[in-house]
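Protein chains: 2
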Amino acid sequence: MGGYKGMELLEIIKSRRSIRNYKNKPVEEENITKILEAARWAPSGLNNQPWKFIIVQNSNTIKQISKFTKYSYIIEKAPSLIVVLLDKNLSYNREKDIQAIGACIQNMLLMCHSLGLGACWIGEILNRKEEVEKFLGIPNHLELMAVITIGYPYEEDIKTSSNRKNLEELIIKKI
Amino acid sequence: MGGYKGMELLEIIKSRRSIRNYKNKPVEEENITKILEAARWAPSGLNNQPWKFIIVQNSNTIKQISKFTKYSYIIEKAPSLIVVLLDKNLSYNREKDIQAIGACIQNMLLMCHSLGLGACWIGEILNRKEEVEKFLGIPNHLELMAVITIGYPYEEDIKTSSNRKNLEELIIKKI
Numbered sequence: 001m002g003g004y005k006g007m008e009l010l011e012i013i014k015s016r017r018s019i020r021n022y023k024n025k026p027v028e029e030e031n032i033t034k035i036l037e038a039a040r041w042a043p044s045g046l047n048n049q050p051w052k053f054i055i056v057q058n059s060n061t062i063k064q065i066s067k068f069t070k071y072s073y074i075i076e077k078a079p080s081l082i083v084v085l086l087d088k089n090l091s092y093n094r095e096k097d098i099q100a101i102g103a104c105i106q107n108m109l110l111m112c113h114s115l116g117l118g119a120c121w122i123g124e125i126l127n128r129k130e131e132v133e134k135f136l137g138i139p140n141h142l143e144l145m146a147v148i149t150i151g152y153p154y155e156e157d158i159k160t161s162s163n164r165k166n167l168e169e170l171i172i173k174k175i
Numbered sequence: 001m002g003g004y005k006g007m008e009l010l011e012i013i014k015s016r017r018s019i020r021n022y023k024n025k026p027v028e029e030e031n032i033t034k035i036l037e038a039a040r041w042a043p044s045g046l047n048n049q050p051w052k053f054i055i056v057q058n059s060n061t062i063k064q065i066s067k068f069t070k071y072s073y074i075i076e077k078a079p080s081l082i083v084v085l086l087d088k089n090l091s092y093n094r095e096k097d098i099q100a101i102g103a104c105i106q107n108m109l110l111m112c113h114s115l116g117l118g119a120c121w122i123g124e125i126l127n128r129k130e131e132v133e134k135f136l137g138i139p140n141h142l143e144l145m146a147v148i149t150i151g152y153p154y155e156e157d158i159k160t161s162s163n164r165k166n167l168e169e170l171i172i173k174k175i
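Note that the protein sequences, when read in sequence, are chains A and B.
Residue numbers for the first sequence follow my numbering, so the first one is 1 and each next one is one higher.
Residue numbers for the second sequence follow my numbering, so the first one is 1 and each next one is one higher.
Certain hints may be false.
Because identical chains share one entry, a pair is satisfied inside a single copy or across any pair of copies.
Claimed, not checked - Pairs of lysine to aspartate or glutamate, DMTMM-like flavour, derived with a Cα cap of 25 Å:
hint	residue 1	residue 2
1	K165	E29
2	K67	E8
3	K25	E155
4	K14	E37
5	K174	E37
6	K173	E37
7	K129	E95
8	K174	E28
9	K129	E169
10	K174	E130
11	K23	E11
12	K165	E37
13	K67	E124
14	K88	E124
15	K174	E124
16	K134	E95
17	K88	E29
18	K77	E124
19	K174	E131
Rather than coming from a laboratory, the hints here were simulated on the basis of the structure.
Only a predicted model underlies this, so the values are computations on that prediction, with no experimental measurement involved.
Isolated chain A, as found in the complex (with noise of 0.2 Å):
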């Protein structure tokens, strides 16, 4: 368990940042659970839950993994991955079901980073995805979205700053 038990919603989700180096440490099979209990309770459109998953903990499989993506150097050195793919079979509008999809990555995210964990959101591997694919031995069905590394922090490395637009940049109007 981390240390950001009781912590607000807000700073959970402000204090969060995309870590890219790990500790050489295992991620609890209860704590992969729980962030896929996030995962499973996301939002979707006609609540179709488009979503499925591979865990991969294997370390030769991550280090092959890590070659379909310039972001090898991350992956490797993770010792978790979830893999996060489409199910089209239940796809119902391809947009709102990838928004979906969307909305379940970032429950993972957050709640990562609430157990202590850090983690990263690998979108370039989309470049290579049906490489990966059929390296995973998937169905035609199911289509990659998205590779999340899991681990510790390698603390030396957490980035305290993040850039973000002023909110009076993003509100257009209020009407």
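Dock chain B against chain A, hints included.
Okay, now just chain B, sitting in the frame of chain A:
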């Protein structure tokens, strides 16, 4: 402030429900700001923050917007709406940007719930996207992604149950 202060993240995630009926009570500006703060801190690919927002609190405008969806009964009772837009000028990859929009919406939904507010993610209104964009008078580079209704829950209507697939159904394999 709601009664959810100190609730653990997994509890917030699992107890959130779509709220479709609201008390006749405005949402405080302070809470709207917290919800948008949560939105602002969502992750996005290359940190491009492709989201923009319109805050709608005028009851007549809300009534007019409600006519663009079959869920008008939800929108018309809500004291506040946040219209979520994709800024196509900031887009670097449409599907990754749409995932980021989903993460941003999920931050808002969780924030609402943790403040004791209820929210509903209205995607069905995208069926009349162009008409809504025209009504809102937004420039061409902004695209409607969703409308989030926000208000204090009319408690008798809160659904306590919600179906989710078991984890076993969602995990394709562990490797």
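Status of E169 relative to K129 across identical chains (alpha carbons, at most 25 Å) = For K129 and E169, only the inter-copy Cα distance (23 Å) is at most 25 Å; the intra-copy one is 34 Å.
Under a CA distance limit of 25 Å, which applies to K165 and E29: within one copy, between copies, both, or neither?
-> The answer is between: 20 Å across copies meets 25 Å, while 37 Å in one copy does not.
Up to 25 Å CA-CA - E11 versus K23, copy category = within (24 Å within a copy, 28 Å between copies)
Which holds for K174 with E37 at a C-alpha limit of 25 Å: within a copy, between copies, both or neither?
-> between (36 Å within a copy, 16 Å between copies)
Are the CA atoms of K88 and E124 at most 25 Å apart within a copy, between copies, both, or neither?
-> For K88 and E124, the Cα distance is within 25 Å both inside one copy (21 Å) and across copies (19 Å).
Within a copy, between copies, both or neither: where do K165 and E37 come within 25 Å Cα-Cα?
-> For K165 and E37, the Cα distance is within 25 Å only across copies (10 Å; inside one copy 31 Å).
Please work out whether the CA atoms of K14 and E37 approach to 25 Å or closer within one copy, between two copies, in both situations, or in neither?
-> Both. Shortest intra-copy (22 Å) and inter-copy (8 Å) distances satisfy the 25 Å Cα cut-off.
Within a copy, between copies, both or neither: where do K88 and E29 come within 25 Å Cα-Cα?
-> Answer is neither; intra-copy 28 Å and inter-copy 40 Å both fail.
From the Cα coordinates, with 25 Å as the cut-off, is the pair K173 and E37 best called within, between, both, or neither?
-> Cα proximity of K173 and E37: across copies only (16 Å, versus 37 Å in one copy).
Under a CA distance limit of 25 Å, which applies to K129 and E95: within one copy, between copies, both, or neither?
-> Classified as both: same-chain Cα gap 18 Å, cross-chain 13 Å, threshold 25 Å.
Indicate which option fits the pair K174, E131 if close means a Cα-Cα distance not exceeding 25 Å: within, between, both or neither.
-> Between copies only: 19 Å across, 46 Å inside.
For the identical chains here, do K174 and E124 meet the 25 Å Cα criterion within one copy, between copies, both, or neither?
-> For K174 and E124, only the inter-copy Cα distance (23 Å) is at most 25 Å; the intra-copy one is 35 Å.
Hints 2, 17 from the earlier list are contradicted by this structure; the remaining hints agree with it.
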